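Colleague: Sequence:
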Amino acid sequence: MTPDQQVFWDRFQTETGDQRKPADIFAFGDSPEMAGELLELVLSGTKRATATRLAVYQKESKRPPAPGDLSLVLDGEDRPACVIETTIVNVDPFNTASEAFAHTEGEGDRSLEYWRKVHLAYYRRECAAEGTVFAAIEPIVFEEFRLIWTPSA
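Just so we're aligned, residue 18 is where the sequence shown starts under the working numbering, counting upward by one.
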């Protein structure tokens, strides 16, 4: 945790009384622009889910999120922006994503068709960078969350 992240987390704990530690610290997406866009969707309440390849957690020797986990979400410039709490986690093949999950993830027109298109492109970029090939049966961590804290002005 960077000093800025620690100050942010200390403020979260002071203002909420929640003494849990962050299970993860991350920015959404794979670019500063995408991180900023997706963060705005979280802050507006539109985005309440995310989907990550299980292989990403395995590669980093991290466990996938679990209900009750807190995460510190960063903006596109790696600055702390908000705290979310994981509420539901399912690990299933990519090709089993549901219309309801796509809607909860809140991106684009919120349809399953849009979700599949953008996530397929994203996962293919990730796999290409790793030297692997994405398959539609690859396990995905389908995570739902709720926004629990943003700093007041």
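Hints may be right or wrong, so weigh each one.
As the list claims (entries may be wrong) - Computed cross-link-like contacts, DSSO-like style, restricted to lysine-lysine with a CA-CA straight-line distance of at most 30 Å:
| no. | residue 1 | residue 2 |
| --- | --- | --- |
| 1 | Lys134 | Lys79 |
| 2 | Lys38 | Lys76 |
| 3 | Lys76 | Lys134 |
| 4 | Lys79 | Lys38 |
What the hints assert, rightly or not - Restraint ranges, calculated between C-beta atoms of paired labels, are given here:
| no. | residue 1 | residue 2 | range |
| --- | --- | --- | --- |
| 5 | Glu116 | Arg142 | 21 to 27 Å |
| 6 | Thr149 | Glu32 | 19 to 25 Å |
| 7 | Lys38 | Thr167 | 34 to 40 Å |
| 8 | Asn112 | Gly46 | 30 to 36 Å |
FYI, nobody ran anything at the bench for these hints, they're computed from the structure. Small disclaimer: the values here were computed from a predicted structure and weren't measured. For each residue, glycine too, the CB sits at the ideal point set by N, CA and C.
Colleague: Would you mind marking each hint as holding or not holding in the structure?
Modeller: Against the structure, the hints come out as follows:
1. Using a Cα cut-off of 30 Å, the hinted pair Lys134 and Lys79 holds, with the two alpha carbons roughly 27 Å apart.
2. For the hint linking Lys38 to Lys76, the alpha-carbon distance of about 22 Å falls within 30 Å, and the restraint holds.
3. At most 30 Å may separate the alpha-carbon atoms for a hinted pair to count; Lys76 and Lys134 meet this at roughly 24 Å.
4. Between the alpha carbons of Lys79 and Lys38 the distance comes to roughly 15 Å, so the proposed pair stays at or under 30 Å and holds.
5. Checked against the hint of 21 to 27 Å, the pair Glu116 and Arg142 passes, with Cβ atoms roughly 24 Å apart.
6. Thr149 and Glu32 have their C-beta atoms about 42 Å apart, which leaves the hinted 19 to 25 Å range violated.
7. The hinted window of 34 to 40 Å between Lys38 and Thr167 is violated, with their beta carbons roughly 19 Å apart.
8. A C-beta distance of roughly 22 Å is found between Asn112 and Gly46, which places it outside the suggested range of 30 to 36 Å.
Hint check: violations occur at hints 6, 7, 8; the rest are consistent with the structure.
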